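**Q** Sequence:
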Amino acid sequence: MRNQVVLLKDEITLEGTRVRLLPASPEHLDGLFKASNHSEIWMYSPSTISKHEDLVSTMNQWMKSKEQGLRYPFVIIDKSTNEIVGSTGYIDFSPQNRECEIGGTWLDPRVWRTKVNTECKYLLLKYGFEELNLVRVQFRTDVRNERSNRAIQRIGAKFEGVLRQEMILHDGYVRDSNVYSILDKEWEDVKARLLGYLRKEDIY
Numbered sequence: 001m002r003n004q005v006v007l008l009k010d011e012i013t014l015e016g017t018r019v020r021l022l023p024a025s026p027e028h029l030d031g032l033f034k035a036s037n038h039s040e041i042w043m044y045s046p047s048t049i050s051k052h053e054d055l056v057s058t059m060n061q062w063m064k065s066k067e068q069g070l071r072y073p074f075v076i077i078d079k080s081t082n083e084i085v086g087s088t089g090y091i092d093f094s095p096q097n098r099e100c101e102i103g104g105t106w107l108d109p110r111v112w113r114t115k116v117n118t119e120c121k122y123l124l125l126k127y128g129f130e131e132l133n134l135v136r137v138q139f140r141t142d143v144r145n146e147r148s149n150r151a152i153q154r155i156g157a158k159f160e161g162v163l164r165q166e167m168i169l170h171d172g173y174v175r176d177s178n179v180y181s182i183l184d185k186e187w188e189d190v191k192a193r194l195l196g197y198l199r200k201e202d203i204y
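Throughout the sequence shown, residue numbering follows full-length UniProt numbering, covering 1 to 204 in sequence.
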């Protein structure tokens, strides 16, 4: 087995049956803003996108973090409509520790409870463990966000604990965050579980 992490490349495109993940760039601003214009998306988020200027600022932060090798943001294309329906990515990338977090994930509510999020997680985890040679992938979410917690638990991530008062949200609320992880030795089981979900026709 390789013992060195593969550094994030300049351009990564990940594609499944339902979604295509493209490297986020300023050319995606209009599509991202259309998908983000729903207040319920930002209920548990440290930031909010309510006007185009918010998204421009967010994109600038993404590009700076990407240049530093700390983050790799994607836009999510729903292949059934060829429209942008959200964003996700690798954050807090640590080559020396061979780990990162999958985060910064938000979706247009019209694709909630579809296979979009499940396939995004599958593609990101597969690339992380099988191409980047990571040993650990982390997830964090607001302890109050039942939908997000259920989704993370459902894919087989292990609960590690609570980070108390870990983040101040855009509305001033001081958030406690649940932390979950998947290790490289657990990936094959998680992979089989995700592929099983993706083979089903039901929404979830």
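One or more of the hints may lead you astray.
[To be verified] Calculated lysine-lysine pairs in the DSS-like style (CA-CA distance at most 25 Å, straight line):
| id | residue 1 | residue 2 |
| --- | --- | --- |
| 1 | K126 | K185 |
| 2 | K191 | K158 |
| 3 | K158 | K200 |
| 4 | K66 | K34 |
| 5 | K126 | K79 |
| 6 | K126 | K191 |
| 7 | K158 | K185 |
| 8 | K34 | K64 |
| 9 | K51 | K64 |
| 10 | K200 | K79 |
Please keep in mind that the hints were generated in silico from the structure rather than gathered at the bench.
A quick note: this is a predicted structure, and the numbers were derived from the prediction, not measured.
**Q** Hint check: K158 vs K185, CA-CA at most 25 Å. Holds or violated?
**A** holds (12 Å)
**Q** With a cut-off of 25 Å on the C-alpha distance, tell me whether K191 and K158 pass.
**A** Measuring from Cα to Cα gives roughly 14 Å; hence the hint holds.
**Q** Does the alpha-carbon distance linking K126 and K191 stay inside the 25 Å limit?
**A** holds (8 Å)
**Q** Is K51 close enough to K64, meaning Cα to Cα at most 25 Å?
**A** holds (21 Å)
**Q** Given the proposed pairing of K126 with K185, does the C-alpha separation stay at or below 25 Å?
**A** Judged against 25 Å, a Cα distance of about 13 Å means the pair holds.
**Q** CA of K126 to CA of K79, is that 25 Å or under?
**A** Judged against 25 Å, a Cα distance of about 19 Å means the pair holds.
**Q** Are the Cα positions of K66 and K34 separated by 25 Å at most?
**A** Within the cut-off at roughly 23 Å; holds.
**Q** Checking one constraint from the list: CA of K158 to CA of K200, max 25 Å. Satisfied?
**A** holds (23 Å)
**Q** Under the criterion that the straight-line Cα-Cα distance not exceed 25 Å, is the pair K34, K64 satisfied?
**A** holds (23 Å)
**Q** Does K79 lie within 25 Å of K200 when you go C-alpha to C-alpha?
**A** holds (18 Å)
In the structure shown, no violation is registered for any of the earlier numbered hints.
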